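Asker: Let the hints inform the model, and build the full structure from the sequences given.
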Amino acid sequence: MAKSWQIVLAGEGGQGLILAGRILSEAAIMDGNNVSLTSSYGIAARGGYSEAQVVISEQEVYYPKCASPDLVLALTQQAYDRYAENVSDDCLIIYDSKDVSNTKGKNEAGFDFKEALLTLGNLKVINSLFLGVILKNRDIVSRESMIESLKKNLPPKIQDINLKAFSYGLDQ
Amino acid sequence: MSRPKGVQLMEGNHACAWGAIDAGARFYAGYPITPSSEIAEVCARELPGYGGTYIQMEDEIGSMAAIVGASLSGKKSFTATSGPGFSLMQENLGVGIYQEAPCVLVDIQRVGPATGLATQPAQADVMQARWGTHGDHPIIALSPASVQEMYYLTIRAFNLAERFRSPVILLGDQVVGQTYENIALPDPDSLEIMDRKKPIVPPEEYLPYQYDEEDLVPPMAAYGDKHILHASSTCHCETGYSNFKYGTNRQLLTRLKNKIYNYIDEIIDVEYFGPEDADVTLISFGSSSRVCKYAVGLAEKEGIKVNLLRLISIWPFPDREVQQALARTGAAVVAEMNQGQLIGEVNRVNTTNTPVHLASGIDGELIRPEIIMTSIREAVK
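From first to last, the protein sequence lines stand for chains A and B.
Note that the first sequence covers residues 400 to 571 in the numbering used here.
Note that the second sequence covers residues 77 to 457 in the numbering used here.
Don't read these hints as lab results, they were simulated from the structure.
Possibly wrong hints are sitting among the right ones.
Sample of chain A residues with no beta-carbon within 12 Å of chain B, all distances over it, derived [unchecked claim]:
| # | residue |
| --- | --- |
| 1 | G413 |
| 2 | V453 |
| 3 | C490 |
| 4 | S496 |
| 5 | V499 |
| 6 | L553 |
In the EDC-like style, the derived pairs of lysine to aspartate or glutamate whose C-alpha atoms are separated by at most 20 Å in a straight line are [what the hints assert, rightly or not]:
| # | chain 1 | residue 1 | chain 2 | residue 2 |
| --- | --- | --- | --- | --- |
| 7 | B | K333 | B | E454 |
| 8 | B | K457 | B | E376 |
| 9 | B | K333 | B | E347 |
| 10 | B | K457 | B | D355 |
| 11 | B | K274 | B | D288 |
| 12 | A | K402 | B | D288 |
| 13 | B | K81 | A | D430 |
| 14 | B | K81 | A | E547 |
| 15 | B | K81 | B | D288 |
| 16 | B | K377 | A | E459 |
| 17 | B | K333 | B | E167 |
| 18 | A | K497 | A | D511 |
These numbers were taken from a predicted model, which means no experiment stands behind them.
Just so you know, even glycine gets a beta-carbon here, dropped at the ideal spot from N, CA and C.
Answerer: Below you can see the structure in the form of structure tokens.
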């Protein structure tokens, strides 16, 4: 069976979830994989439910959605509730420990993103931060490709702080 | 932005727009509508750089009229739309067919009727693509299932339009339109691109609808050429002018049909997937066919041998290929995101009376594998 990953990045508009999905997807392509990226978002650009689904496979991707996620990032309670009851026991859920309560506790990791962002001194780099946290937990793509993809997708003047946030997530 | 090169992440709609540009399209007229708007977006940004024209029209009626006009003026032209816009384009699509104006109409299907579940995926314009415009007519329609195919089938749509002097419909849906996937863009110079036949007779001998016996297609001058082109939306003879004599309409409609159906092997395109011998054959197209491929693996785990006949070209309907697939297997499932449109055509050619089941996805999302699996289990009962 060829290696494959189904990753859900869920939260709300403005958290850079879809850009993060793009960065992750491009890193996976650099590693030589096939990728399918879909996104859904509410009518409100900011604040509404938003998610990106990334399927990564050495083989052709038939079903482009995450039928059985291997990893869910849940940055809001709504995002958590949407997936917590429906994913398999093998699926790792990484959630925002400040925003999500009533967790079921099985195969989950809470992370205080707010505190980490305050330490980094920039609240906007949340997506680079959570990409670091994700890679710390699961080797979905190579770190080299992820760094290259971050550089490719971000304007030069904000690259340093985002790479710093990515490393910070990776070190936790 | 310059043309992207090599392997990269790209949205289906962007791949379609680049396919059109690489095929030589230099005129786009449209009225943006989700989930097709990115095609207009790329064209607005890129076409002027290629010496082309982008026009945002007042509506979809005007958009279709404009691309037919541009085609008669010698350009490779196209438009893109979805549900409600596709309805508005139907009248002038018929004009394009009757005047034999090569052009491409991209329909990124979404849930209808009316505004429906804007802007979620569906495949419910199958019959509208075939019979949406009034009158007796042939049509060519292709159905891409991936981002890579959004690129290549767009090029093929232009090539078929030029080869047959006919509008061609690219029938995508929200899933293939707005999913991002890795795509390998070829060197545009390596592509096989077809162009319409130009007249070779002296201008004074040119009759715009006098066809060549070998392919039933009339060589095509453009407005402004020395060869005078006259095109009419009324029944016309070789001159292009109205002609109501008994027999003219029969002759014209017969030729329009035969110029496509006599050369159907140049159009029909299918993919066979899975084991040759199976308990159930899935028949599907577009994004649903991807879920069918996924279901082939799921069924295997349940001990059911399943294969897939994927229709890449859906109009003209591949009668022979479907008939053979039905005859080979004892049961079939047609998977489509509507309440049963393609299945009617499948049953039309079902001379072996093979039981045919429907897997119908009408929930405003990509058809779930479980819906197809339920039909597969029913089929082997």
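Asker: Which hints, by number, does the structure contradict?
Answerer: 2, 7, 9, 12, 15
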